[in-house]
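Q: Can you make the complete structure from the sequences, with help from the hints?
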Amino acid sequence: MGNNIFEKSAELIGWFQIFLSPFLFGAFISALIYFTYPNRLTITIAILILFTATLIGAKLASKIYRSKEGTIGFISKKDSTPDIDKMINK
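In my numbering, the protein residues as written are 995 to 1084.
In short, the hints are calculated from the structure, not lab data.
Since the structure is predicted, the reported quantities are computational estimates derived from the model, not experimental observations.
Hints should not be assumed to be uniformly reliable.
[To be verified] Taking lysine-lysine and the DSS-like style, the derived pairs with C-alpha atoms no more than 27 Å apart in a straight line are:
#	residue 1	residue 2
1	K1071	K1002
2	K1053	K1002
3	K1062	K1072
4	K1072	K1057
5	K1002	K1072
6	K1002	K1062
7	K1002	K1057
8	K1071	K1057
9	K1071	K1053
10	K1072	K1053
[To be verified] Across the chosen pairs, the derived CB separations fall in these ranges:
#	residue 1	residue 2	range
11	Y1031	L1006	37 to 43 Å
12	L1014	S1061	33 to 39 Å
13	L1035	N997	34 to 40 Å
14	K1002	I1023	29 to 35 Å
For every residue, glycine included, the Cβ atom is placed at its ideal position computed from N, Cα and C.
A: Spelled out as structure tokens, the structure:
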């Protein structure tokens, strides 16, 4: 990871994108649980699920951010399409 402002801001945007994946999944599950039968128990369960998803997202994103490849390297690996690249470059 570089030290200039562009690379640092790109890494932070990548961190946020990685964080959002488990967070949004947890938010969806929490909303589904609460809105199917809204009461105190389901709101408590929904908050616990959302809190857990937030912790998992932050921990995962921070682990990838501190890795050798960084968040942008991780995202670009996941978004790459080597099968299509092989077909195009034939």
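Q: Which hints, by number, does the structure contradict?
A: 12 and 13
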